[in-house]
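Undergrad: Listed below are the residues making up each chain.
Protein chains: 2
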Amino acid sequence: MSNSNTLMTSLFNPKSVCVIGASTKPGKLGYNILENIVKYGYPGRVYPVNPHYQNILGLKVYSSVSEIDDEIDLAVIVIPAEAVVKVAEECGVKQVKNIVVISAGFKETGKEGAEREKALKDICEKYKMKLLGPNCLGVIDTFTPLNASFAAQMPLKGNIAFISQSGALGTAILDWSFKNRIGFSKVISLGNKADLSESDFIAALAEDVNTKVILLYIEDVKDGDKFIENLRKTVRIKPVLVLKSGSSAAGQRAAASHTGSLAGSKIAYETMFKQFGALQVETISDLFNYAKVFSTQPLPKDNAVCILTNAGGPGIIATDACERYGLKLASLNSETLNNLRKQLPSNASIYNPVDILGDAQPERYYTALEALKNDDNISSIIIILTPQATTKPTETVLKLIKLVDKLDKPVTFSIMGGEQVTEAKKILSENNIPVFSFPEDAVESIAALTRYTFIREKKLSHRKFRISANKEAVREIIKKVLNEGRRTLLSSEACKILGFYGVKTPKVYLASNSDEACSAATEIGYPVTLKIASPDIIHKSDVGGVALNVKNEEDVRKIFIGMVANAHKFFPNARIYGVEVYEYVEKSREVIIGVNKDLQFGHLLMFGLGGVYVNFLRDVAFRIVPVNTQDIDEMIKETRVYTLLKGVRGEKPADIDSVIKTIIAASQLVQDFPVISELDVNPLFVYNKGEGCMAVDVKMSLYI
Amino acid sequence: MSNSNTLMTSLFNPKSVCVIGASTKPGKLGYNILENIVKYGYPGRVYPVNPHYQNILGLKVYSSVSEIDDEIDLAVIVIPAEAVVKVAEECGVKQVKNIVVISAGFKETGKEGAEREKALKDICEKYKMKLLGPNCLGVIDTFTPLNASFAAQMPLKGNIAFISQSGALGTAILDWSFKNRIGFSKVISLGNKADLSESDFIAALAEDVNTKVILLYIEDVKDGDKFIENLRKTVRIKPVLVLKSGSSAAGQRAAASHTGSLAGSKIAYETMFKQFGALQVETISDLFNYAKVFSTQPLPKDNAVCILTNAGGPGIIATDACERYGLKLASLNSETLNNLRKQLPSNASIYNPVDILGDAQPERYYTALEALKNDDNISSIIIILTPQATTKPTETVLKLIKLVDKLDKPVTFSIMGGEQVTEAKKILSENNIPVFSFPEDAVESIAALTRYTFIREKKLSHRKFRISANKEAVREIIKKVLNEGRRTLLSSEACKILGFYGVKTPKVYLASNSDEACSAATEIGYPVTLKIASPDIIHKSDVGGVALNVKNEEDVRKIFIGMVANAHKFFPNARIYGVEVYEYVEKSREVIIGVNKDLQFGHLLMFGLGGVYVNFLRDVAFRIVPVNTQDIDEMIKETRVYTLLKGVRGEKPADIDSVIKTIIAASQLVQDFPVISELDVNPLFVYNKGEGCMAVDVKMSLYI
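In order, the protein sequence lines correspond to chains A and B.
According to my numbering, numbering within the first sequence proceeds without interruption in unit steps and concludes at 704.
According to my numbering, numbering within the second sequence proceeds without interruption in unit steps and concludes at 1408.
So here's chain A without its partners, still in its complex pose (with noise of 0.2 Å):
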């Protein structure tokens, strides 16, 4: 991460900066830019560059870059969008270190626009210049610190880095988090994405000593394999929460007319960020609710919750949104309970949640709390306190603040009202301890930290797998379809392939003519199944091309002959190979096994219920390949067809660890040949455990 480093010293800590574009007038960006750096006190070497003017804001103005006299870590260009490529060669030539391009009217207008971006791209590749943007609103650094941005001020200092494609987002969230006393490290707009990209900005941040947490809105990720690799690092040492937009069909079609991105696949994108531990949100409120409990609060060990109130109904509304966010209420130690009973009043309820009843002052909120604080079972805490007739809300906050600092749990507040606890929840705020309104947002926020303490937790040991195979033989296969111009396989085919990967299949025969087909079926052994065999028809039972149970040599050849002239008939311009003469083969339990390949992050596995019911089912489970063996695991256990694998009512269970060598032998299989771009095992048939399974009916398609 060498390249992290360089970003994060020359980028947000340059030694000097200028501002291309720089202007006199107040109100335009150039000046917007350079009033910035200067007013929120940038300690480096600031230069405006504009050939029409000589000084600005005291500063001598450059009419241009290549006539400063000193080293330019970062240069912001705010110009008309026709004169950027040129003015980006002149900061090559200069040997610039990174440039940040303010200016819009480029990939995001179209065609001339996006001539321009790759033009711009091409300079900054041919001079090892880092790029931001283009149509960016700039980066902020509050340690530095340093305001390269025309953002209307300069937020709060604070361990939140904010990472966002959408440069309106910033500016808003921005503004609202003075409102709400939310402070920033660091704060990027990406723009365009040209160059550097949500990829880099996570791996530089994951080193950068003033982030505690990284907050990202994006509408799409420019590079998958570069994302998940960054963002698996990131990860194991702070967390990163990503409201990622454009995810439904509507929302994908205005994003892609929003800045031309390719929004690519939800359930591929819901995936990538569960697999490898980004925190994903569903809506801007959740993102900086988050936000505020990750950025000031201790990780839980677990997730046992204890809710401390003033009053019953919101406890109950407490306890009812644990068990949504998939908290539990923990069950406090007798040493906890006997404190509560002796120091409480007695009609209080000592059991979890605690209610310390409505005239509770501060005395016995703090009391409780000493009661709490240390018991083992107690993983958070989320206190409750609503203005009753002679609640102190100020005075009880401020009894407990000290006490909370103190403590290893992660605390929440949930203070409603009004006036009443303006401000107890001031005071909450500027004492680093979240405070929510309403205590279903405290709850979801401890919620959200506890599921970061399990990605934290969540074992790196990759029990990496590697199964013997006949490549070669694949290899053949493959090159004999391609050479005949196909990308679907026959079954046969597919069939062969699984099978030289070490999964059971049928025996199969491709059979051009009905002597073949009898022959092949003796070879067999009667009943055999007969499916019309041709890439071009997919579905074949719906179109009477499949016959099951077929018992003697008669009735092979009279629907050998049947089955073609139909398929003929009916499909006149399908190529028609034959019939393939399957073994029968006996029925059991059924799943699914598929493989598709997404534009953005490459493979994604599929596991589920199978069978014709799949599709209505869904039942499924969804990796990004390559995929541990406790990817899979955890993969089959999410499903609703884990229970029925594992045996109910009485049934014998069923043979799992065969489930998992065939989702491993896919996995090998098309990290093998990533020119499969989809494979469809369904249904797999599962016997019981100890006799393995077998892949009934295969498809499998190319992608050159």
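The hints are simulated quantities; they were obtained by calculation from the structure and are not laboratory data.
Because the structure is a prediction, the values reported are computed rather than measured.
Cβ atoms here follow ideal geometry from the backbone N, Cα and C, with glycine treated the same way.
Incorrect hints may appear among the rest.
To be verified - Chain B side only, calculated, beta carbon under 10 Å to chain A, not exhaustive:
#: 1; residue: 870
#: 2; residue: 875
#: 3; residue: 879
#: 4; residue: 1303
Here the structure of chain A is known, so what remains is to put chain B in place on it, guided by the hints.
TA: Below, chain B alone, put in the same frame as chain A:
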């Protein structure tokens, strides 16, 4: 609803109020309540009652209620719990119409309190007094105006009625409402609901001209039937939004310890709310976010939304949210598109989301909204404004409010940001235009409003059904079972009962010895299925109590003897009636029809995917009995198995009509015989269209 009318006048707008337990000491509830009544301008006659004082707040104090020489519409009682019953009796003698018991110390405190509450309730019944509470905050009507509560302030006047089972939640929400400019028509604190409950108030509020939307926070429903009856009438007139807490397992325990209420089955509650038109919300913040929109906006015609934005990112976020909450993006009509094309800059996006770009000034917002206003394809509009370099938030909303006011479509704003947009948000709120910080909330609220449009439009036509059934014969079977001291019916009995309601079941005979079993098998015809006949052995197939496909007399005899011996051995205490001999039935698609009695809402009907996988696939839908054919139709369509019944992958469609008839039969059976607490038809084999269905396995239990 004459009772409701009485409530509306004598409780909310009484001619005279006495406060029993009035106090001279500020800070005491008896003082606060009296002060609230006087201070907030109650126009009727006020009588403080307390034997220890002469004068409070300039009012003459009476030593007891009987001394007051006036008719009393409302008595507010705020004295120690021990004295309440006696005072209530005095009120009864005095013919007081309503009492509100503020005092705590009743059911919520345990056995003694529960007895006290019972006595209080009896007194009220005896004297036909209405009772609110005990253990409540009181009641507020902002129009009367009357503040007979110890809330710290008088809420703002508005058209939202808020009914809360939690007093603390009530006070917190009131305090919060000022800051958020939310106004109320009435605030009702239910307390322990010894007499008046949510059901009474939703009926009363249905007729209240000052109330446009009813908000309900409850932990349980007191009387299921009454609630359903009043709810279904009320939602035809105005929306009822419900936050029901205590739904999680832990939440139920917390609720029980809090108010001693039985929270009831989560599924039954959810089903009931949905079926009878309440809008159930998940969080407190949703409750009030929705209320903002419901109280100010017209209903949308349909679910087509138009998004108007000055920023791409938030537009995409809103688009995603539309899909998430069941809304669609409107396709703008050609006239609208032409207008937008003509009047917006060329790089604006005129398709929905309409993106009028970051430099949009008030004029451009106005022009765009003008163009959208009359487009019939648009049901509702979401306007997004993010503060960018040249945005004028205040001027923009000032320009828009008049136009928004004239629209016949609902509008919500999403304005992100802090100081820069504070004024704009305030102006919108003051003009009764809902504004949210984040686009997702704006979308979610419109989605809730749209759901209410569909609730209102839902036909009330109860296509009643009445099938002929041999009820006498059913009664005989049930009598016999009860006489034998059983609660579980034998399969043969259950099948017979369904048969009397026109449901096809396999032929089945109970055989008490092997000879009887053989003649039954001959009568039915081979092959047959044998099942152990015992009311005490439930999962027969798990314990060797089922033999399928028995082909001849010899096997019947052998199996009979083995099965009975086996049952005696493993279940020495079970009643063994012999073996049931079943007709062999051809397998087909499997669905389940179930009925379970819920303590609160009566029989809960279930339909879904059947077979042994029902528990792990959980593809089921629920309705409260009685159902009409429309309910049944909707219930079936909610499940995924519906797709299967329609015919997937070339299969023939199933006989859905016969499924509907079976559900009707089940529904009518449990109405005719409410003693049936459980009915489980699993599987019901459903054959191809026109070929009917067959209840293959039937379980039935009674509850006395």
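Undergrad: List in ascending order the numbers of the hints, as given earlier, that are violated by the structure.
TA: 4
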